[in-house]
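**Q** Chains as they are written, first to last, in the numbering used here: chain G, 344 to 645; chain F, 344 to 645; chain Z, 213 to 437; chain R, 213 to 437.
Careful: at least some of the hints might be erroneous.
As the list claims (entries may be wrong) - Now the in silico label distances, taken between C-beta atoms and shown as ranges:
1) F/428 with G/492: 41 to 47 Å
2) F/492 with G/445: 25 to 31 Å
3) F/620 with Z/310: 25 to 31 Å
4) G/363 with Z/331: 22 to 28 Å
5) R/306 with Z/323: 55 to 61 Å
6) F/488 with G/484: 31 to 37 Å
7) R/227 with G/364: 54 to 60 Å
I should point out that these hints are in silico values taken from the structure, not numbers from a laboratory.
Don't be surprised by glycine CBs; every beta carbon is placed ideally from N, CA and C.
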Amino acid sequence: MFNYLHNHYQAFLNGFSRFINNIGASVMMMIVIGITLCLPSAGLLLIENAGQISQNIEHEAEISIFLDRSVSKDQIDFIDLSLEKNSLIKKIHFEPKLIAWEKLQSKLDVAVSSSVSNNPLPDAFFISLNTLDEIKIQKLLDSLDGIDGIDSVTVDGNWIKKLRIGLSLIKLSVFFIAALLIIVLLVVIGNTIRLQTLTYKDEIEVSKLIGATNAFIQRPFMYTGILYGLGGGIITISILKLSVLGLNATLIKLASIFGNNIIFQDLPHRFYLYIVILAMLIGLISSYISARNSIQRLKIYK
Amino acid sequence: MFNYLHNHYQAFLNGFSRFINNIGASVMMMIVIGITLCLPSAGLLLIENAGQISQNIEHEAEISIFLDRSVSKDQIDFIDLSLEKNSLIKKIHFEPKLIAWEKLQSKLDVAVSSSVSNNPLPDAFFISLNTLDEIKIQKLLDSLDGIDGIDSVTVDGNWIKKLRIGLSLIKLSVFFIAALLIIVLLVVIGNTIRLQTLTYKDEIEVSKLIGATNAFIQRPFMYTGILYGLGGGIITISILKLSVLGLNATLIKLASIFGNNIIFQDLPHRFYLYIVILAMLIGLISSYISARNSIQRLKIYK
Amino acid sequence: MITFEKVCKSYPGSPEILQNINLEILSGELVFVTGPSGAGKTTLLKLISAIEKPSSGSIIFESQNLSRIKDREIPILRRRFGMIFQDHKLLYDRNCFANVALPLEINNMSLSDMNRRVRAALDKVDLLKKEKMMPITLSGGEQQRLAIARAIVSRPSILIADEPTANLDKEYAEEIMNIFYSFQQVGVTVIISTHELPSTKINFKRLQLNGGSIQNLIGHVQLPS
Amino acid sequence: MITFEKVCKSYPGSPEILQNINLEILSGELVFVTGPSGAGKTTLLKLISAIEKPSSGSIIFESQNLSRIKDREIPILRRRFGMIFQDHKLLYDRNCFANVALPLEINNMSLSDMNRRVRAALDKVDLLKKEKMMPITLSGGEQQRLAIARAIVSRPSILIADEPTANLDKEYAEEIMNIFYSFQQVGVTVIISTHELPSTKINFKRLQLNGGSIQNLIGHVQLPS
Ligand SMILES: Nc1ncnc2c1ncn2[C@@H]1O[C@H](COP(=O)(O)OP(=O)(O)OP(=O)(O)O)[C@@H](O)[C@H]1O
Ligand SMILES: Nc1ncnc2c1ncn2[C@@H]1O[C@H](COP(=O)(O)OP(=O)(O)OP(=O)(O)O)[C@@H](O)[C@H]1O
Ligand SMILES: [Mg+2]
Ligand SMILES: [Mg+2]
């Protein structure tokens, strides 16, 4: 056991000294890993943020029910009651015509609204549903149509559908890009390690000739790979952290233009840990595979 | 002269055979270059497309001038005249209240608008300016304020400003990312070539010892670098072309959701040529620098 | 200790180098393998150290059949050998000390033991003064001696040396031979290929390989003392 | 052709190897450099081929001062030399033919000329049968002969050989020496370091380097015929 640890310690020292001896190559590997991992990480950040926004949106209306302008208080109560009984409906929001008018006024130009004397808007219910199932929604709409006092019903959900489709498209492409980039990284690191084994081919040959096992020979390369991953991961999270801070600072400065409700949520800290671990894993796996292949293939006496 | 060409031909054959002998490393280099260059190229595509959209938008209004509801035809003509005399104003569009009301009705829900009996909107001029200079605009606003028949003036330009700022931010970050990625590519290719020179160090040493010049030794590496660039460039434009085709096919399918006015413009064909040339240049430059350094540094007799 | 039974060896695409070799090397023997260039001396040594496998026949090393040895058993076997290669196979990116230390590193030896053993080996070949130097700065003969130090540092039970005195003048060659003798004295089996037999008085066995790849086994020879 | 004037050579961090050497090598001479291991034979040859520069003194090669030669003039100089290195310096990823062809490639020779010249050189060292083989599959002596073929293929005006017969048995060593003689016969200057003078009858000049790095210049010697 002590022997085993000592072995690994020696291999680590060896790998570390190779890392230092090729410091140029090492730094470039770390930068490559760092920048490459930035992309999917930034994607993760976007998804996390977009996810929150879309969750907030979920609570907003999906069906608008406009009532007759001449509707009575009793009728409104009755409609409210029948809506509340319906299990498809998650949330009900009643908007009296006065409030709706005020909102419209604040949206339209003052000049315009001030010239309108009487409120042209009706009372309305805005409800959100548990389902996106077209058939169920259609049934609900049909049943609403029959109720007295309801003037018209509009399904507002389309733009949320659009947003959701858009989001899931983005999510999909981020995962796709992430997978692609991780493969690229595996290949790049693996190839770098392979080229490195070639530059150490004399040492590998001699070591084999005097009785070193393949495991012994390949261990330092694996530590080099892990170090690449560690460095690269640290670069990634540094860039990410700085970007979030920088972006938010900019957004605050630009608040007058964009409004200050857009603030980037930072990733939870454990995500940063995950990124570093992922990077190290990538370094380990690619160096393991490529060193193994390369060392096994290297014929002794060549 | 013939000698010179023969020399380069030999070096090319040599570089090509190294490219083939290390076909694994070569393919991975090309994939790395190809994918890396995709990003700024896709950015270019986006900018080109966004640029066109924003040009279309430029012709729309930036200042809205709402007139008194009681304004007379003469007053309108007078205002029109004084607006046309102003050199800051690029375009004038008069929107009678009737048309404005129709537009609003089509935007609002039918149920709402049908319940509004009389048109609450005023006549309006929408003008676009030659300038974005705050002071000049303020002067213009002041002068407009004095004119009889004008009820209120609103500067609508904000969202265009937002779009423009957004676009130029995107443009800037695309160029920034492009520069970053090109540097990364230079470093990655350079390092790969450097590692390759190390695997050929015996050959380099012996060649030097028997009278080869540095230029002679480094030439094949440069051809290898150019080949990497060529392959990578071709991969980039293939991905790009396929993406544009695929994206447009998808957009057409989704036309029912997003509307079918969004169609990606392909890049002009000369851009594809530029991308390949850029990739080859990157390959050439990085392999030149790294092979040169590496070969000069390689001491003969170690 | 080592027995060849009807061993043949040919490389792909070339005629048979060794034909039907039978021989026995006893533990503690000193054996010289001689023969003209290309006769197969190096090939014979490679067969013993399991670098090459015989085309047919069997090689028995301490009841282990080397013609059927598994890849993962080879490292354990090799650690018992001290090998000196015709082309030295030194590592030119490590200094002399680190070159000699390599077999001990592989055996996972502690640093202090390593220091002591490496210094002793370097001293034996008269290179202790150059322990910090890189092999590339050594003369041809010094490199050869360095390779010998690396072979003896792990106190192998068999020493296999391929023309260990090729680059050495007479004086040094004799010194090196004396080192081999002293190892033999303490029970190490020593197998040396050479194209020049030593002129010292000592018991040895000579295996003469003829260019025609037929082997003449000449028994113990006592040089005139 | 080559004149050493008060040449001293020391490597950084070690004592002077060559002290105050004066010597002259005439065009067309056959020169043997002898001396014990570590005496500085290789160093002397490296000074002549501008691989090392002298610490002081000057080396004149055909009125060109090698101690002050510019880096970009060295390749042109080297192409006139045929060099055989103590460690061969063969390329193990090219076959024998390609190894020998390398100097001609550097001289930008046409393929057909190259073919002819390479075959002739391989034939001279008795390796024409092995032209398609990789150097790693050659025996030690065969590799040495391959290195000789590479040195003579470009018909150099000076041949510099560092222990070219170390790995060869007597017979082959004599054959190789005969190749060098034949080059000398056609006017090539031949400089050979060795720890064993040839036993053939021939005129040569011997430069004896003593371990103490003082040089004894022994004039033309005519061996008993
Ligand atoms: N891997 C190989 N593939 C093909 N042929 C080989 C291989 N190794 C050696 N040979 C051939 O086998 C023959 C014997 O080689 P070996 O190295 O055993 O000779 P040797 O007796 O050691 O010669 P030397 O004294 O020159 O070192 C040579 O002709 C050589 O070309
Ligand atoms: N680059 C170098 N740096 C430091 N010392 C060196 C260097 N090259 C050679 N030496 C030392 O100079 C001395 C002479 O070396 P050289 O190679 O010239 O000897 P040699 O006469 O060729 O010996 P051999 O017969 O063993 O080849 C040796 O002691 C060697 O260690
Ligand atoms: Mg041999
Ligand atoms: Mg020497």
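**Q** State for each hint whether it applies.
**A** Hints, verified against the model:
1. For the pair residue 428 of chain F and residue 492 of chain G, the beta carbons lie near 56 Å from each other, so the given range of 41 to 47 Å is not met.
2. Range check, residue 492 of chain F to residue 445 of chain G: Cβ separation about 29 Å, and the 25 to 31 Å hint holds.
3. The hint said 25 to 31 Å for the Cβ distance between residue 620 of chain F and residue 310 of chain Z, and at roughly 48 Å that hint is violated.
4. Separated by about 27 Å at the C-beta atoms, residue 363 of chain G and residue 331 of chain Z satisfy the suggested range of 22 to 28 Å.
5. Evaluation of the 55 to 61 Å hint for residue 306 of chain R and residue 323 of chain Z yields a failure: the beta carbon distance comes to about 42 Å.
6. Our hint of 31 to 37 Å for residue 488 of chain F and residue 484 of chain G is violated, since their Cβ atoms are close to 50 Å apart.
7. The hinted range of 54 to 60 Å is not satisfied by residue 227 of chain R and residue 364 of chain G, whose Cβ atoms lie roughly 30 Å apart.
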